[in-house]
Each structure stands twice: as C-alpha cells, then as structure tokens.
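Student: This is what each chain is made of:
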Amino acid sequence: MTPLLIVLLPFVGLILPIILARHSHTAATVGALIPTTLSFGLLLSLAGDVFAGEVFVASWPWIETLGMNLSFRVDGLGMLFAILILGIGTLVVLYAHFYLSDSDPRGRFFGALLAFMGAMLGVVLAENVLLLAFFWEITSLSSFLLIAYWTHVPLARQGARMALAITGMGGLLLFAGLLLVGHIVGSYELSAILANGALIQGHDLYVPALILVLMGAFTKSAQFPFHFWLPNAMTAPTPVSAYLHSATMVKAGVFLLARMHPALSGTPEWFFIVTGAGLVTLTFAAYVALFKHDLKGLLAYSTISHLGLITVLFGFGTPMAALVGVFHILNHAAFKASLFMSVGIVDHETGTRDMRILGGLRHAMPITATLATLGAAAMAGIPGFNGFISKEMLFYESWKLPFIENEWVVPVIVTVGGLLSMAYSVRLVIDTFFGEEGDTPAKPHDPPFGMWLPVALLVAVCVVVGVYPSIAEPIVNAAALATIGGVMPEGYEHLSLWHGFNAAVVMSLIAIFGGAAFFMLRHKLFALAERYWPNLHGKLVFEGLVERVVDATRATTASLENGSLQRYVMLLIAFVVAAGALPFFLFDFAPGNLPATELEPVTIVIFGIFVAACLGVVANHKRRLTAIVTLSVVGLVVSLSFVKFSAPDLALTQLSVEVVTILLLLLALYVLPKETPSEGGFSLRKVRDGILASVAGLGTGWMSYMVMTRPQDSISMTHLEKAYYPVGGGTNVVNVTLVDIRGFDTMGEVAVLAMAGLGIFALLARLNPEHIHGVTRRVLDRYPVMLTSATRPLLSLILVMAVYIFMRGHYLPGGGFIAGLVATVALIIQYMASGQQWSSERMPVNFRIMAIIGVTIAVLSGATSLALGKPMMTMLVPLGEPGTVMTLYFDLGVFLGVVGAMMTILTSLGVLSRPASAETLAHSKETNPWKP
Amino acid sequence: MTMQLLSTLNTLAMLTPPQGAEFAAIVPGMIVTLVALAFILIDVFHRKGTPRDYLAYFSVIGLGVGAASSWYLWDGTLEAPTFFGMLYLDRFALFFSALACVSGALAILCSPAVLRSHRMDRGEYYLLVLFSVVGMIFMAASADLLSLFIAFEIMSIPIYVLAGFLREDSRSAEASMKYFVLGAFSAALMLYGIALIYGATGTTNLEMIAQNLYYLEGGEGQHAGFGLAMLGVLLIFSGFAFKVAAVPFHIWTPDVYTGSPTPVVGFMATAVKAIAFAGLLRVFVVAFPLDVLRGGFFGYGWIDIAFALAAFSMVLGNVVALLQNNVKRMLAYSSIAHAGYLLLGFTAANAHPRFFLHNDAILFYLVAYTFGTIGSFAVLSYFSRRGESVETFEDLGQLGIKYPMMGLVMGISIFSAAGIPPTAGFLGKFYIFRSAIDVGMQTDEFSFIGLAILGVLSSVAGVYYYLKVLIYMYMKPEKRAFRPLEHTGPKVAMVVCAVMTLYLGIFPARAIEITQESIIDFQGVSSAVQATLDLGQQALEARQAAE
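Sequences listed follow chains A and B, in order. Everything in the first sequence is counted per this note's numbering, starting at 1 for the first residue and increasing by one. Everything in the second sequence is counted per this note's numbering, starting at 1 for the first residue and increasing by one.
A few of these clues could be false.
If you only want the chain B side, here are some residues facing chain A, beta carbon under 10 Å, derived [as the list claims (entries may be wrong)]: (1) Met230; (2) Leu234; (3) Ile420; (4) Ser459.
None of these hints come from the bench; they were simulated from the model. Using N, Cα and C, we set each Cβ at its ideal position, and we do this for glycine too.
Chain A extracted, bound-state conformation (with noise of 0.2 Å):
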C-alpha cells in the first residue's frame, strides 16, 4: 500500500493549497508542504530496507485486458529518484513560499507543482512500464502547466508550448517503444522486462524499439536535436527551473535509460546511439553556454551538458559507468538546483539576468555569493565537491570502452567537456558576484533566511558528498545495483575522493586551468562569436520547421478544399474512376465470348436519340425548362432500353416515376430564376470535367458490355419455378413480391406515402407564393389550345389503360402500384392543360381521402387472413387460382393510395402555378423579367 500512496498524496493533497490559499500565503505553503512530507516520511520508511537491498513490489489490477496494472516497484533506483524529488520538492515550495510575489496565484502554482510531483513519483516507481508511460505524459502535461505559470508573459506560453511539443511527442514515443518491449516480453512489468534482457536484445524489433524508447529518453532530458526547448521553457518562474529543469523532469530521460539499462544497454547499437547523443550535447551545449549572458540561460545549456554527460555515461554500458551516472544524477540534482535557487534570488533582488549589467555583488549579498560559488565550485568539478568526484570517475571510465577503435576519442571529448564546463562556471561567479558593481534595476540585498536556507542545505550536501563521499554510499549503491541488475561493478569498493595518481588526474588539471584560461580569453571569445556565431537556433529551427510544415498543408489545403461544390465532386468522381479501373487491370479488358446480337434500326435510332438528348441535357443546361425537358427524354429512352432488355414491369415502373419526377421538378422551377448564372466561357476546368466525364461513361459502358458479352444466370426463373408461382399464385415475380410475398413492406410504403402526401399537404396549405422570396405571381395566360384539346381524349384512354394495367397485374407486367402512377399522370395531364381551378371544378375528388381509403383497404384485406386464423398477410384464399381475389383488393388499396397521395402532393405543389387575380397583378411590376 505504500508505494501507492506515496504516489497518489501528491495528487489528492494537491487540493489542499488550492483550498487554503484563499486565507493566506503561508496557509498555502502549508497545504502544499503537508502532501510533500507525508509522502516523504512514507518514503524513508521504506529507505532502510530498500539500502539494504530490498525490491518492493506491490500491484493492483486496474486494466486487466489491456495489461495494465497499477503496479509500483521500489528500487534502488526509484528511490533514488523519488528521494530527489520530494527533498527538492520541499526545498523548493519553503523557496517559492517567499520567491513568488502577491500577485502571483499560489494556489494554482502549488496545485500544479503537486501534481507533477505525483506524476514524476509515479514515472520513478512505476512497475509497470505502460503505467510509467502514463505518468510520463502527466509529467509534460503538468510542467505545461507550470512553465506557462505567467500567463501574461507571451515567451512563456510559447515556451510552454514548445517544451510540451517536444516532451509531449517524445512520451508517445516512448509509449509506442515500451508497447514494442513489452510485446516482444509478453509482459509489460519491469520484473519481467528487465530480467528478459537477452530476450529483447535478439528480436527482429529491437532496433525500432530502442529507438523509440530513447526518443523519449533524449527529448525529455533535453540530448541533441532535441535540446532546444530546456532554454525557452526558462521562461518559467525559478523554483519551477530549479524543480524541473534541474533535478527531476529533465532527469527523467536518464532515469528511463538506467532504468532500462539492463534490458537494452550493452549492444552497439545502444552504445553509439546513446553514447554519440551524449558525446555531442555534452560539448556543444557547454560551449554555448559559455555564449549566454543570461544567468538562467547559462544554467539552461549547462543543464543540457551535464545531461549530455549522464547519457555518455549510460551509454558506455559497463556497469561502473553506470554507477557513475547514477552519481553524478545525485549530484547535478544537489548542485544545479542550488545554482538555479541562487540565480533566482539574484534576479529577485537586482531585478536582471544579464551578467553583462551584473557585477560585485558579493559585498550587497555575501550569503548568496558564497552559496553561488560553492555550488558553481562542484558544477566545474573542483576537488573537495562532489561534481569532482563523479567527473573523475567519468575520466576514468572514459578509457575502458567497448565496441570503440580509436580509444582517445572519447577521452579527448569528455575533457574538453570537463573544461568548458569550468570556464563557463569561473564565469557565473566572477561576472556575477565579482567585479565592478553593476547598475542594477534594483537595490540587492540578501534574502530572508527561509529563502537561503534551501540553496545552503543543497549546498552542504554538494559540499559533505564532496570531502566524504562514502555518505552517499548507500543510496548510490542500491541506485546503481537496480541500474546494473542485480551485480556490482568488479574492482568496485567504496565511493572516494582519490584514486589514485592516473590518466583521470590529468584529465582533470588539463579540464581545470585550461577551463580557467578560456574564461581569461572571454572577452575576445564573444567578439568572435558575435561575428561567426552561426545564426542557427534550435528554437528557430523548430519555429521554420513549423511554419514549412504548415505552409506546406496550407497549400495542400487550398488546392484540394477551396469550398467549391465542384471539386469535391470532381474528386470523388475521380476515385470512383480509379476505383473502377483496377478491376480492369486485375483482370483484363477483353468482352467475352457470346455472340453479339443483330443490330435493328430501332436500336439505332434509340440510340441517337438517347446521346443526343445527353448532349442536350448538358448543352442546356443553363436554361432549365429546356434542361428538364431535355432529362426526361433521356429517361423514356432508359426506360425503352428495360423495355429491349425484357423487363416490361421495371420500365413501366421507370416510366411512370420519370414522368412524375419530372412534373415535380418543373414545379419546383416556380420557384427558383430562370436560367443557372453564368459561369463564364471556356475554362480548364470543363476541359478536365469533361475528360473525367468522358472516361466514366466509357468505363461503365465497357464494363456493361463486358458483363452482356459473358453467361449471366438469370434468376428469375428460378424465383418463379421454385418459389412465386406455388406461394404465391402469379406469374408476374414483381407483383407478387410486391402484393404477397412482401405485402407487409408494400403496406408499410403505401401508408408512408400516404402520410407525405398528407404531410406536405398540411405543410403547403397555406402556401402563398408572394411570401416566397423573388417568386412573382404569373400574369394570367390562356392555356394553350393544343394541349388543352389533346389532354381531355387522353384522360380516358389512360385510365383505361391504368385499369387495364392494375387487372392483369398478377400474371403479366403491371400491378396496382404502377397503374397508380399511370392513372395519376392522367389525371395530372388535366391541372397541367387546363390549370387547377378548372380541373378541381370538374374533379370534386378529395384526394387525402382517398389516400386514406387506400391504406384502409390495403391494411383490410391484408387482415383478413387473420380472420382465418392464419398470420397477417397471407394471402392464400382457396378460390380457384390461388391468391387471386385477395390480391386484386390489396392491390386495389395500394392503387387508391398511391393515386390519392401522389396527387395530393402534386395539387399542393401547383398552387404555385395558379395564376394571380386581378387586383395583386395590378401591384406587381410590369417589368417583371419572370413573366412568360
């Protein structure tokens, strides 16, 4: 249970300060100290065991399937870590209690700082790596938080935003990397992984997934290319560089690597990858930050290089470097947040940075300066410190390395490292603290006592590690046998000051004065780096890359999304071509093998017709009268073409809906302009409409002919032979489906019908079209005489043939259905002719009725079987031929409804047509452009 609340106070406590910062600063303080402590105190509970050797594992099932469980591990290692971050952390709220002014809102500062204390306690001592990853990804989130913590500030959003990009980018990562390992362990717990070691190291996917694992490592430590957003996240307020950027979130990426040393380290891969990033950080940012006049960004790039230095060391892969490394974790922790607190108090104080103003202040503030200067004393590595101690073992091992040819190589880089190092911290103190006294903002003067007293408690530990390094024995030990797994290093015995007189001395001396004599030749150095310093940030780097990238889709964008209708349709036509395609090339273009039929002059002259009317349709298609008129052509003609393919029913279907879509689009152009605007002439655009076009009419008409040219089974044979004519008594498969085997859907279409109809009645009853915008009424024209006299003979001879229709439909093509529609263009033939008053005089129908009536009917006899006792619908009644008398009355109730609803609808629409009485047309202006 501990391990779980040491992680979890943080998170729960974190109300705490919020909550209490309404009363006071220092009840905030408290609220956060309060979590802090207890979660210390808990900790060291465990210490003693946990030196001595001891692993706790503790695990509760969370997410079982996923492999996730809330399993933690207390380690070595993870103590370590964890010690570093609640003793830091403690260090750092008593430091923000008196760093941050009144303005300033405590309780979200402290929330946040708990909350990525909890998350950076749950990356050390999670057990499970998912869960690691988890926590990992609350750490970035939580110092987003933190470094945007002035929200005024604009560099620090933009800081903030960076530091999450890169951390944020390299969590996932990382996640993807650990998934990797765990999937090639089959278990995603540390005690697993770590002990699998060979396991990983041999599969095929070892390479991605150490790649991935230390994107994540090398993004939040900051490792070269990605070492650019530690500088701009300094945007932060101090305590918060001092926590973060300085001992723990940073240190995360190289917890992560000595975390997963022992399933990784060790083969040439880890060794150049880890060791190169390391080698190269480790130089350039020290020699960077010997460029930087700003205090904090000096201690920024510093950061990266001691850093760079801790990944060299796990690179190595020997398990004394690693003990190293895990040394030297301790140590930068102790004297870089020290350094971090003091710059701090320095900017609290004068109000700048900038050394270049700086200067003498060790006579305003003598604690600071001596605090400084100890702490940037163990930061060069001066003996009696403890930096000393952990760079000489770093020379030291810097000789004994595998998989390496040119032996000096690494050597001669640490060096220069180590010295730049020096020069950069000679420079901290002296331009800081020494000197002339600098023209402040403000008048310095030394802190109160409970803002020193962190930096000088961090500073005795530098110092005590530093002459007595056995102390940190325990800690480090326990570290480093979690970091090696499971042996300590051979000719290893104690942590010490001396070793000896050997090649690590020299480099030492060498890193010293030469580190000094740079410092000396400063001044000429900046000369020269204002001149030849390369105008190349990693910032701005980052800031190009973005702004390519977005160039980059903003161009894509606007070539494919320009917010017209046609390009989108122009593209999904274009996918359909491609799709269509493929098939054609997987298999082949060739039509079939059956003999084509003759060619009769009626299908000729179909034919013609038919593209004609195509080219009409598109010709026209400006003038929409003309359009529409054109369009129904080309559907008589599909419908004829059903009528060659021997498929009377659908073309009488086809034909009946063409002719009433028809009369509703006209209807519709009442309402809208006359004539499509212009488009303008030609463009490039209709050329590449019309090859898309083009390509695919042909490729469907290819693909149609292929399919006629091979053997198709028709079906409807066997529909008929096995199926319709014994169920269902007809031999017309459409109508029977249609009246019988699926009456109960015909039913449900025609009562939805009927209900349209219904619906748009009620909808358009009290239509006016003058209350439509741009619709004029129409001046009254004859209706013309041909028309007129043509429409009253057709009247009855199409309900003759509807009838007709509607009684053969059971055996021949035909059915109530259709003949509803056929009796319905008759009837509306009339309103067109001889317009809506005439025709309602003369047809006193009410037409909702009868759709009414129809849907009765049809529900009726479908019922009727109830009766029988047999299920709704079946229409089997023993009269001769079977079916027969009950299917002729459902039909006759689809016929009614669909006569009645149709013509509802279409009367509710002609209301548009009707023309406009006297008086509104002597309102209405002549210059009307509508009037026909």
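Go by the hints and put chain B onto chain A.
Tutor: Positioned in the frame of chain A, the structure of chain B alone reads:
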C-alpha cells in the same frame, strides 16, 4: 453448389414468416420510432410562443428508454438474422443502438437554447434527430445490403436537413447544400456498388454474398462477376468512407462542421461516424471475406484500402488542423484524424480472422470519442448565441476563467481528444495502437507497426492544436465578451460527458468488458472468425468465473 441454389434458399428463407422472438430485434428502433410519432402528436398541441424545452426533454427520455431497451435485450440475442434475413439481433447491434441513442440525447440536450436564440425553436428539429437515430439503430443491425442502405438513408437525410436548420444563416444553408449534394452522390455510388454486388452474386444478403463470392472465386476460374464484385466492394467502401470522413472523402467535413448548428455537429461527428463504422464492420466482415478478395498493395484486399485511408486521414487531419483559426473547423479536421485512428484499428483487427477480437478497441474508442467530442461541442453550444457565437480561437479568450465549469469540461474533452491521461481518449488511443502493434508482431507484418507509429507521431500534432484551445481559454486576453446561453440542457450534457470521459479513463474495466461482449456476440461471420469468437467467449467466461 451453385449460385442458383443459394438464391433459392434465399427465396425460401424469405417466405418463412417472422417468429415472435424475432420482433425483439426491432424493439430499440421501434421505441425511438414511437417516440418520434408521439412527438408529432404532442408537437401539434404545442402552445405557440412558449418554449419547446419540454419536447427536448421528452425526446431525451425516449432515447433513454431506447438505450435502456438495448440493455434489457443484452442477454436475449439471437444467432440467426431476423425478418427474412434483414436484421441481426446481437450485442454488436445493441451496443451501437445504445450509443446512437446516447449521442442523440446529448445532442438534443444542447439544442433548445441554441435554437431559441436563432429564432428557430421548432419541433421538427428534435423529430429529425429522432428519425436519424432510428436509421442508425437499424443500420447497425442490418443483415442485408438493402436494409442497410435504407437505414443509411434514414440516418443521412435528416442530418442533411439538420445541417441547414438555421436557414437564415447562409453558412448553414451552404453546409446543408454541400452535405446533401455530396452525400447523395456518395450514397449513389454506394447504391451502384450494391447493384454491382447483386449483379455479381445474385443476392443482397450479407452472408449469402460471402458464400457466392467463394463460389465465384472457386467455380469456373475467375468468373466475370468477380471484377464486378471488386468494383462493388470499392464503391461500398467509398460510401462508408464518406460518412466516417476519411481522406479522400473528407472534403465536406470542414465546410459542413463550420456551417451547421453546433449541437448538430456534435451529433454528426459522433453518432454518424460511429454507426458508419458499425456498418463498415458488419458489411465487410460478413459479406466480403478477405481470403476471397485478395489483392492490393500488401495483398490484403480491402484492408489495404483501409490502411491507406487510415494513414492519409491521420496525417492530413492532424496536420491541417494545426492551421485552423476556427474552433469548429479545427474539430472537423481532428475528427478526420480520429477517423484515421479508427481505421487503423479496423485495419489491424480485420487483417486476419484470428485478430477479430481486437475490434473491441474500435468500439471503446468510439465511446470515448463520443463523450469527448460532444463535451466540447456542448461547451461551444453554450456560447452559440445568434450573432455572437464563439467561433475562432481568439473568441475563446479567458472563457475558462470567466466560466470555470465550461473551462473544466472543455479541458477534459480536449485532453480526451488529444489522448492525454487520465481521460478515456488516452485509453482509446492506447487500445488501438496496442492492437495494431499486437497484430504486427504476431503476423510479422511490420507495416502495421509502422502505421501505429505514424498514428502516434501524427497525434503529437494533435496535442499541439488541442492545447491551443486551452491556451486561449485560460491564458490569452479576452477579445470580446460573450453572453452564454443560460440553459440547463447543455450543462447536463457537459456534466455527463465530462464525468463519463473521466470515468472511462480511470475505471474502464466494465466498459471494455461490454465492448468485448459486443464483439464476441457479433453474428454472421465466417467459420474462421467464429472460431476466434468462440475462443474469446471461453476466455471471457473464464475471466468472469474467476471474478
């Protein structure tokens, strides 16, 4: 065995009248339909000039009953398709019925104040949502291409109307018009595909299509119908891809999302996408077995297409979302990216029959995505007063501080969308990426792992643009004051979404179990997949027995 015989079987199956038990299959859909019909009646008696809030609540309750009925039917599923092979009654269908109902209810809750502020407080609005949900429910249950297509249109047409519901707003009208034209076009493509499939196989029943495809493949060499079937498959796929807004069928998304009423966008971004995925799964898994339709770049047939679409959607959606200034437009592009992640899961889980159980990742992701997305649209709805609605990032300035609750909900939703713990979105992404990696490892097809890594990388861009919302809400100065639409509805929706997002992120065990049960009960699959399902069933029972 020939195709003719199969057709005959099909015919005979049709002639058997539905059994009483089969009516259970239409219960959720009927409940929502009846609610919609009752709604018409109630709306007729509505007193003019008074708010229609009670109608919204009535619809919400009706949808709640619909969702509850899915729960009630959970243990009574059937193995054979019902109603002449038209509908399945399985947990998969019930799961999506419930999801559609919940999504519809949440969207409706956000609506009344928005409608009133735009002077469009009409009953039709809720009616259209209800009917769309009906279509969705039947689509998830479809066992036949015909019932599927009809349900598809019942779902779509109300959404076209809803998109243009604020008809005085020209952008809304434009959105509706574009959505309708393109939607009708893609539906036509799909219908053409269905016709081709029918032409090639002689049936529209999903299971029989599969059988006939085997026949086509095996029979007399490669039958001419095989090429037709392939084109049909592609066209049907494009119809679904349009609805889920996957690249290159995404083009309508930004315009439509920007113009449509905000609650409608929440509805169509979640429910339509989810149901389209349900249909996609059902049709492709049941009707188009992969071992028949091979081909493609990696040789996986239509999986390859899904693969390519996933890759393009993830990258394009995320990268283009970076550029947007308009929040809804950003969410539109991000929904394209989400479609990409879902397609990634789809690709991985269906590449081989033995990974079929991995489809639960898609289901979980859809649940997480639904709550997360509606949460953010609920917040936006709260600020969509006529003439002063929050549109751009700058409009968000300081809203989080002035309205802490909205800020909190937006934050949770955004975290979920970006895949940041401890929200549901994080687990959803994790689940999907994990299944892709799992499949890649087990098949040694590293392309799946590559796709998963591409997904991870592209979601980094997601983190970047999602956080922009929070930065503006909390850190940027206020550019303009917005008066929120004070109303309880959106607040309730927000609370539900936020609580569910956190709940699913922290205690997902039960939800994951439900998604697994849904997948295990998936009906109509081939014997190879069925074997996987049986294994999953045993594992699930063993686990439940252990508890």
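Student: None of the hints should be skipped; say for each whether it holds.
Tutor: A quick look at each hint next to the structure:
1. Interface hint at Met230/B: satisfied, since its Cβ lies 5 Å from the closest Cβ of chain A, which is below the 10 Å cut-off.
2. Residue-level restraint check for Leu234/B holds (minimum Cβ-Cβ distance to chain A is 4 Å; threshold 10 Å).
3. Hint status for Ile420/B: holds, given a least beta-carbon distance of 6 Å to chain A, under 10 Å.
4. The interface hint given for Ser459/B is met, as the beta carbon of that residue sits about 6 Å from the closest beta carbon of chain A, less than 10 Å.
No hint from the list above goes unmet by this structure.
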